[in-house]
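Asker: The chain contents come next:
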Amino acid sequence: MIDGIIALYIFMLAAFTGYEVIARVPVILHTPLMSGSNFVHGIVLVGAMVALGRADSTLGIVIGFIGVVLGAGNAVGGYVVTERMLEMFKSSGTRKPATGEHK
Amino acid sequence: MIDGIIALYIFMLAAFTGYEVIARVPVILHTPLMSGSNFVHGIVLVGAMVALGRADSTLGIVIGFIGVVLGAGNAVGGYVVTERMLEMFKSSGTRKPATGEHK
Amino acid sequence: MIQDLLPPGVAKTLVDVSYLLTAFLFVMGLKRMSSPVTARSGVVWAGWGMLVAGLVTFLAPQIAANYFLIVTAILIGGVLAWWTGKRVAMTDMPQMIALYNGMGGGAAAAIAAVELYQGETHGLVISSLAVAGGIIGSVSFSGSLIAFGKLQGLIKRSFRFRGQQFVNMLILLCALVAGGLIAAGLDASPMVVTIFFVLALILGLTMTLPIGGADMPVVISLYNALTGLAVAFEGFVLNNAAMIIAGTVVGSAGTLLTQLMARAMNRSLGNVLFSGFGESTAATGGEVSGSMKPIEASDAGVMMAFAQKVIIVPGYGMAVAQAQHKVWELSQLLIERGVTVRFAIHPVAGRMPGHMNVLLAEAGVPYDLIADLDEINAEFETADVALIIGANDVVNPVARNDKSSPIYGMPILNADKAKNVIVIKRGQGQGFSGIENALFYLDHTRMLYGDGQAAAGQLIQAVKAAG
Amino acid sequence: MIQDLLPPGVAKTLVDVSYLLTAFLFVMGLKRMSSPVTARSGVVWAGWGMLVAGLVTFLAPQIAANYFLIVTAILIGGVLAWWTGKRVAMTDMPQMIALYNGMGGGAAAAIAAVELYQGETHGLVISSLAVAGGIIGSVSFSGSLIAFGKLQGLIKRSFRFRGQQFVNMLILLCALVAGGLIAAGLDASPMVVTIFFVLALILGLTMTLPIGGADMPVVISLYNALTGLAVAFEGFVLNNAAMIIAGTVVGSAGTLLTQLMARAMNRSLGNVLFSGFGESTAATGGEVSGSMKPIEASDAGVMMAFAQKVIIVPGYGMAVAQAQHKVWELSQLLIERGVTVRFAIHPVAGRMPGHMNVLLAEAGVPYDLIADLDEINAEFETADVALIIGANDVVNPVARNDKSSPIYGMPILNADKAKNVIVIKRGQGQGFSGIENALFYLDHTRMLYGDGQAAAGQLIQAVKAAG
Ligand SMILES: NC(=O)c1ccc[n+]([C@@H]2O[C@H](COP(=O)([O-])OP(=O)(O)OC[C@H]3O[C@@H](n4cnc5c(N)ncnc54)[C@H](OP(=O)(O)O)[C@@H]3O)[C@@H](O)[C@H]2O)c1
Ligand SMILES: NC(=O)c1ccc[n+]([C@@H]2O[C@H](COP(=O)([O-])OP(=O)(O)OC[C@H]3O[C@@H](n4cnc5c(N)ncnc54)[C@H](OP(=O)(O)O)[C@@H]3O)[C@@H](O)[C@H]2O)c1
Numbered sequence: 001m002i003d004g005i006i007a008l009y010i011f012m013l014a015a016f017t018g019y020e021v022i023a024r025v026p027v028i029l030h031t032p033l034m035s036g037s038n039f040v041h042g043i044v045l046v047g048a049m050v051a052l053g054r055a056d057s058t059l060g061i062v063i064g065f066i067g068v069v070l071g072a073g074n075a076v077g078g079y080v081v082t083e084r085m086l087e088m089f090k091s092s093g094t095r096k097p098a099t100g101e102h103k
Numbered sequence: 001m002i003d004g005i006i007a008l009y010i011f012m013l014a015a016f017t018g019y020e021v022i023a024r025v026p027v028i029l030h031t032p033l034m035s036g037s038n039f040v041h042g043i044v045l046v047g048a049m050v051a052l053g054r055a056d057s058t059l060g061i062v063i064g065f066i067g068v069v070l071g072a073g074n075a076v077g078g079y080v081v082t083e084r085m086l087e088m089f090k091s092s093g094t095r096k097p098a099t100g101e102h103k
Numbered sequence: 001m002i003q004d005l006l007p008p009g010v011a012k013t014l015v016d017v018s019y020l021l022t023a024f025l026f027v028m029g030l031k032r033m034s035s036p037v038t039a040r041s042g043v044v045w046a047g048w049g050m051l052v053a054g055l056v057t058f059l060a061p062q063i064a065a066n067y068f069l070i071v072t073a074i075l076i077g078g079v080l081a082w083w084t085g086k087r088v089a090m091t092d093m094p095q096m097i098a099l100y101n102g103m104g105g106g107a108a109a110a111i112a113a114v115e116l117y118q119g120e121t122h123g124l125v126i127s128s129l130a131v132a133g134g135i136i137g138s139v140s141f142s143g144s145l146i147a148f149g150k151l152q153g154l155i156k157r158s159f160r161f162r163g164q165q166f167v168n169m170l171i172l173l174c175a176l177v178a179g180g181l182i183a184a185g186l187d188a189s190p191m192v193v194t195i196f197f198v199l200a201l202i203l204g205l206t207m208t209l210p211i212g213g214a215d216m217p218v219v220i221s222l223y224n225a226l227t228g229l230a231v232a233f234e235g236f237v238l239n240n241a242a243m244i245i246a247g248t249v250v251g252s253a254g255t256l257l258t259q260l261m262a263r264a265m266n267r268s269l270g271n272v273l274f275s276g277f278g279e280s281t282a283a284t285g286g287e288v289s290g291s292m293k294p295i296e297a298s299d300a301g302v303m304m305a306f307a308q309k310v311i312i313v314p315g316y317g318m319a320v321a322q323a324q325h326k327v328w329e330l331s332q333l334l335i336e337r338g339v340t341v342r343f344a345i346h347p348v349a350g351r352m353p354g355h356m357n358v359l360l361a362e363a364g365v366p367y368d369l370i371a372d373l374d375e376i377n378a379e380f381e382t383a384d385v386a387l388i389i390g391a392n393d394v395v396n397p398v399a400r401n402d403k404s405s406p407i408y409g410m411p412i413l414n415a416d417k418a419k420n421v422i423v424i425k426r427g428q429g430q431g432f433s434g435i436e437n438a439l440f441y442l443d444h445t446r447m448l449y450g451d452g453q454a455a456a457g458q459l460i461q462a463v464k465a466a467g
Numbered sequence: 001m002i003q004d005l006l007p008p009g010v011a012k013t014l015v016d017v018s019y020l021l022t023a024f025l026f027v028m029g030l031k032r033m034s035s036p037v038t039a040r041s042g043v044v045w046a047g048w049g050m051l052v053a054g055l056v057t058f059l060a061p062q063i064a065a066n067y068f069l070i071v072t073a074i075l076i077g078g079v080l081a082w083w084t085g086k087r088v089a090m091t092d093m094p095q096m097i098a099l100y101n102g103m104g105g106g107a108a109a110a111i112a113a114v115e116l117y118q119g120e121t122h123g124l125v126i127s128s129l130a131v132a133g134g135i136i137g138s139v140s141f142s143g144s145l146i147a148f149g150k151l152q153g154l155i156k157r158s159f160r161f162r163g164q165q166f167v168n169m170l171i172l173l174c175a176l177v178a179g180g181l182i183a184a185g186l187d188a189s190p191m192v193v194t195i196f197f198v199l200a201l202i203l204g205l206t207m208t209l210p211i212g213g214a215d216m217p218v219v220i221s222l223y224n225a226l227t228g229l230a231v232a233f234e235g236f237v238l239n240n241a242a243m244i245i246a247g248t249v250v251g252s253a254g255t256l257l258t259q260l261m262a263r264a265m266n267r268s269l270g271n272v273l274f275s276g277f278g279e280s281t282a283a284t285g286g287e288v289s290g291s292m293k294p295i296e297a298s299d300a301g302v303m304m305a306f307a308q309k310v311i312i313v314p315g316y317g318m319a320v321a322q323a324q325h326k327v328w329e330l331s332q333l334l335i336e337r338g339v340t341v342r343f344a345i346h347p348v349a350g351r352m353p354g355h356m357n358v359l360l361a362e363a364g365v366p367y368d369l370i371a372d373l374d375e376i377n378a379e380f381e382t383a384d385v386a387l388i389i390g391a392n393d394v395v396n397p398v399a400r401n402d403k404s405s406p407i408y409g410m411p412i413l414n415a416d417k418a419k420n421v422i423v424i425k426r427g428q429g430q431g432f433s434g435i436e437n438a439l440f441y442l443d444h445t446r447m448l449y450g451d452g453q454a455a456a457g458q459l460i461q462a463v464k465a466a467g
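Protein chains in written order, with my numbering: chain A, 1 to 103; chain B, 1 to 103; chain C, 1 to 467; chain D, 1 to 467.
Calculated from the structure, these hints are not laboratory results.
These figures come from a predicted structure and were not determined experimentally.
Treat the hints with caution; some may be incorrect.
So the derived label-pair ranges between C-beta atoms look like this [claimed, not checked]:
no., chain 1, residue 1, chain 2, residue 2, range
1, C, G180, D, E375, 52 to 60 Å
2, C, V44, D, I2, 37 to 45 Å
3, C, A89, B, T58, 38 to 46 Å
4, D, Q164, C, V125, 54 to 62 Å
5, D, P411, C, Y408, 27 to 35 Å
6, D, I76, C, V177, 41 to 49 Å
Stretch-level coverage of chain A by chain D, calculated; a stretch enters the list once three of its residues show a Cβ under 8 Å from a Cβ in chain D [said to hold, decoys possible]:
no., region
7, 9 to 20
8, 33 to 43
9, 49 to 55
10, 63 to 69
11, 78 to 84
Cβ coordinates follow ideal geometry from the N, Cα and C atoms, glycine included.
Let the sequences and hints guide you as you build the complete structure.
Answerer: In C-alpha cells:
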C-alpha cells in the first residue's frame with residue numbers, strides 16, 4: 001500500500017506540517033500544546049487494537065492487551081487533561097473577547 | 001505507484017505545508033513570494049519533458065515541444081525575476097543587519 | 001534511452017530520491033522566502049531543487065525519445081525567459097510574473113493535451129484530473145497573457161458589457177460539458193478535445209478582460225495559485241511526485257497569498273473578479289472645493305532644510321519617475337543637517353505589494369528609516385513637513401470620511417495631519433482610483449509641479465543653497 | 001469478523017477515508033490549539049478525529065478476533081485515565097501529561113513487541129522501523145514514569161554518579177546491538193527480543209533519573225516528541241496512515257516545542273539531558289550582604305491602597321498556596337480604589353510554561369491585565385509597589401549581574417526597579433535554583449512572611465480597612 005519513497009514523502013510533509021503549525025506559538029500555550037500533541041499521539045490506540053486483534057499466541061494477546069490499555073489511557077487521559085487546561089482559556093477569553101488575543 | 005487515498009494524503013499534507021509556510025508573511029514580501037511560488041510551479045517543466053519524451057504522434061510532439069518551451073520559460077523566467085527582486089532585500093539587509101527584520 | 005546505461009532500477013530510484021530532495025528544497029525555499037532576512041537565499045534553495053529535478057528527469061523511465069527536441073525546447077524557452085527577465089525594469093515586474101506564470105499554465109495545459117489527444121483510457125479519476133488540470137491551466141494561460149497585456153499597456157480598454165458574467169458562465173458550462181464527455185470516456189475524439197481547449201482558452205480571455213488594471217496584482221496571484229493546482233493535477237496524471245507536491249504547495253500558498261493581497265488593498269476576491277474597479281467607479285469621485293496652491297522648489301527646499309522632522313510618502317509617481325535615488329540623496333542631505341527623516345509606506349502604494357519597499361531598497365534606504373502605515377500614522381502630527389512624491393490615493397482623506405467614495409474605508413496615511421504638506425506631481429493627474437484628492441486643496445498643502453525626479457533634483461539644489 | 005457484514009472492499013475504503021479525516025482533524029486541531037482564541041475548540045476537533053479513528057478501526061481488515069478483549073482493554077485504560085484526569089489538580093498537570101505520554105510510548109513498544117515476538121520476517125526496512133519504534137517507545141515509557149514520579153514527589157533524590165553518561169552509552173549500545181540482530185533477521189529469538197526490550201526500558205530509567213525536577217517539563221516535552229516518532233514508526237510497520245501522519249506531526253511539532261521551552265528557560269537541550277540543574281548547582285549561590293526587613297500586612301495594605309500603580313509578580317509559591325483567587329480579589333479591591341494593577345508573568349514562573357497564566361485564568365483575571373516579561377519590564381520604574389507573591393528566581397537580580405551564578409543571563413522581571421517591593425513568602429525557603437535572592441535584601445524591599453493565601457487574605461483586610 002505505502003511503498004518506500006511515498007512513505008518518505010508523507011513523512012517529510014507531515015514533519016513540515018507539524019513544525020509550521022507549532023512555530024510562533026505564544027509561551028502561555030506551551031503546556032496546553034504539549035498536552036494536546038500528547039493526546040494526538042494517542043492514535044497509537046488504533047495500532048494497538050490492530051495488534052491485539054490479529055494476535056494469536058498467548059504472549060501476543062497479553063502484550064496486545066497491555067498495549068490497548070496503555071493506548072486508551074494515552075488517548076482518554078490526554079484528552080481530559082488538555083480539555084481542562086484549555087477550558088480556562090475559554091472562560092477568560094469569552095469574558096473579555098476584545099482583548100482575547102494577546103501576544 | 002501512488003494510489004488514490006495516498007494521493008489524497010499527500011495532497012492534504014502538501015496543502016497544509018504550503019498554507020502554513022506562507023501564513024504571517026509581511027506585506028513587503030507579497031510580490032517576491034508570488035514570484036517565488038510562480039518559479040516553484042515551473043516544475044511543470046519536468047512533466048512537459050516526460051510528455052514530449054514519450055510522444056510519438058506528430059501532434060503530440062508539437063504540443064509537447066510547446067509545453068517544454070513554456071515550462072522552461074516559467075522555470076527560468078521565474079527564477080531570474082525572483083532573484084532580482086530579492087537581491088534588493090539582500091543589499092539593504094546586509095548594510096543594516098541589526099534592523100534587518102522589520103514587521 | 002539514457003537510462004539503459006545504468007543498471008536496471010537505478011534510474012527510477014535516482015529519479016524518486018531526487019524528486020524527494022526537490023520537494024524538500026522547494027518547501028525550504030518558500031519558507032526562507034517568507035522572511036526578509038533569509039528571502040534571498042530561499043530562491044537559491046528552490047533553484048537548486050529545480051536544477052536537480054530538471055537534470056534527473058532525463059533519466060525518467062517514461063522518456064523514450066525526442067531528447068534532441070527536449071533540449072532544444074528547453075534552450076529556446078530558457079534563453080528567451082532569461083533574456084527578458086534580466087532586462088525588464090523593476091516597475092515592470094508584475095507583468096513579467098504574469099507572463100511566466102501564464103507559460104506555466106500553458107505547459108500544464110499542454111501536458112493535458114498530449115494525454116487527452118492520445119485517447120488512451122486512464123480510468124475516470126485520472127482522466128478527470130487531466131481534464132481539470134487542462135481547463136485550469138488554459139484559463140491561467142490566456143488570462144495571464146491578458147493581465148500581461150494590460151499592465152504592459154498593450155491593452156488599454158476594459159471590455160465590459162451587461163450580462164458578461166452570464167456569458168462567462170455559459171462558456172464555462174460548455175467547457176465543462178466537453179471535459180465531462182472526455183473524462184467519462186464518452187467521446188474523447190480529437191474534435192471534442194480541441195473544442196474543450198479552445199473554450200477553456202476563451203474563458204481565460206473573457207474572464208480577465210473586464211478586470212481593471214488596479215486589480216491585476218491580485219488576479220495574477222490568483223492565476224499563480226491556479227497554475228499550481230493545474231501542475232499538481234497533471235502531476236497525478238503523470239504519477240510525478242515532485243509536480244504533485246510543488247503544485248499543491250503553490251496552489252495552497254498562492255490561494256492564501258491572494259487573500260492577503262486582496263485584504264491589503266481592502267478588496268474582496270469576489271469584488272476583484274466580478275466587478276471592475278478603477279474603471280467603473282472613475283466618475284463617482286465627489287467634487288472638492290478650494291484651490292491647489294503651487295510652491296517653488298526653492299521655497300519648499302528651505303522649508304524642509306529648517307524642519308525638525310520630515311516624513312516622505314512615496315507613491316506610484318516615484319516609481320514612474322524612477323526618482324528613488326534622488327529622493328534618498330535629498331534625505332541624506334536633510335539627515336546631515338540634523339533633520340529627522342522617515343519614509344511612510346502604504347501597503348498598496350505603487351502597483352504591486354511592496355513596490356515602494358523594493359524601490360527604496362534599490363536606492364539603498366536603510367530599513368530603519370522605513371515605516372509601515374501602523375507605525376507611522378501617529379507620527380504625522382509631530383512632523384513639520386510631509387513630502388508626498390507621486391502618491392495620491394494612499395493619502396486621500398476622502399477614504400476616512402466620505403462614505404460614497406469607492407475607496408471609503410481603506411486605511412490611509414494621515415499626511416494631512418502634518419504641519420505642512422508638499423506634494424510633488426506633474427499636474428492634475430488622478431490616482432488609480434480616479435477620484436479627486438481632498439488633501440491637495442487643504443490650506444497647508446502646497447503643490448510642487450513637475451516630474452518626480454526633476455523635482456527631487458531641484459529640492460536637492462534648494463536644500464544645498466539653504467546653507 | 002465485523003467487516004464481513006459489509007460488502008467486500010467497503011470496510012477498507014471506509015477505514016482509509018476515516019483515517020484521512022482523522023489526520024485532517026488532528027492537524028486542524030493542533031493548528032487551532034496554537035492560538036489562545038481558538039485553543040479550546042482545537043482539542044475538540046482533535047477529539048472527534050480520535051473518536052472516528054477509534055470506532056472505524058473495528059472494521060479494519062487486519063482485525064480478526066479478540067473483539068471482547070479489545071473493548072475490555074479500552075474500557076480499563078479509558079476509565080482509569082478519565083477518572084485520574086478529571087481529579088488531578090491544576091498544579092499537578094505536568095506529571096499527568098508525563099504519565100499519559102508514557103502510556104503512549106508503552107503502547108507503541110507493545111505494538112513493536114507483538115510484531116517482533118511473532119518472528120515473521122518483514123524485510124529489513126520494516127523490521128528496522130519496528131525495532132526503532134520499540135526502543136524509542138520503551139525509553140519514553142520508562143522515562144516518563146520516572147518524570148511522573150519525580151514531579152509527584154514519589155522520587156525525591158536524583159541518582160547521579162561519575163561516569164553515568166558512559167554507563168548510559170553502554171546500555172544504549174547493547175540495546176542497539178540486540179535490535180540490530182533482530183532487524184537484520186540474524187537472531188530474532190524471543191530471548192533476544194526480551195533482552196532488547198529490557199535494555200531499552202532500563203535506558204529510559206537511567207537517562208531520566210539524574211535529571212533535576214526543574215528540567216522535567218522540557219524532558220516531558222522531549223519524551224512526548226519521541227512517543228510521536230515511535231508511533232509514526234509503528235504506523236509504517238502496520239501500514240496505518242493515521243498513525244504515520246499523527247505520529248510524525250507530533251514528532252516534529254514536539255521537537256520544536258521542546259526547543260522553544262528550553263529556550264524560554266534559558267537552557268539548551270544538551271544541558272538539560274546531560275547536566276543536572278537545580279541539584280548540582282545548589283551550593284554555588286554567592287552570599288548576599290544586608291538583611292531582610294519584615295513588614296506587617298496592615299502596613300503593606302495601606303501602602304498598596306494609596307499607590308497609583310501596583311504590579312503583581314506571581315510565582316511558584318502562589319500555585320502551591322492556591323492563592324490566585326485571593327490575589328484577584330485583592331486586585332479588584334485596588335482597581336475599585338483607582339489603583340492601576342497589572343500582573344507580570346515570567347515565562348518560566350511556576351513549574352510549567354504558562355503555569356501562572358493558567359492559574360490566573362482560572363481565577364478569572366482578564367487577559368488585558370496580564371503582561372509578558374517584554375511588555376512590562378519597562379513599566380516597573382513607574383510602579384509604586386511591586387507585590388511579589390511566591391516568586392523567587394524569576395525576580396532575582398543576580399541573573400543580571402553575577403556571572404558566576406547558575407542563572408546568569410536568564411531574563412528576569414525587573415521588580416527591583418519599583419519604588420517599593422513587597423515579597424510574600426513563608427520564610428527563608430529558596431527558589432528552584434537554590435540560590436540566594438539579592439532582591440530580598442534591598443533597602444526598599446519588605447518581606448511579608450506567611451502562606452500565600454493567608455497573606456493575600458490579610459492584605460485584603462488591610463486594604464478594606466484603609467477606607
Ligand atoms: N500596490 C498594489 O499592489 C496595487 C496594485 C494595483 C493597484 N493599486 C492601487 O494603486 C493606487 C496606489 O496609490 P498611489 O498613491 O501609490 O498612486 P496613485 O494613487 O496611482 O497616484 C499616482 C500619482 O502619481 C503622479 N505621477 C505619475 N507619474 C508621475 C511622475 N513621473 N512624477 C511625479 N508624479 C507622477 C500622478 O499624478 P500626475 O499625473 O499629476 O503626475 C498620480 O496622481 C491605489 O489606489 C491602489 O489601490 C495598488
Ligand atoms: N515554568 C517552568 O516551566 C519551569 C519548570 C521547571 C522549573 N522551573 C524553574 O522554577 C523556577 C520558577 O521560579 P519562581 O520564581 O516561580 O519560583 P521559585 O523560584 O521556585 O520560588 C518559589 C518561592 O515560593 C515560596 N513559596 C513556596 N510555597 C509557598 C506558599 N505556600 N506561600 C507563599 N510562598 C511560598 C518559596 O519560599 P518559601 O519556602 O520561603 O515560602 C520559594 O522561594 C525557576 O527557577 C524556573 O527555572 C520552571
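Asker: Run through the hints listed earlier and report the numbers of any the structure violates, in increasing order.
Answerer: 2, 5 and 6
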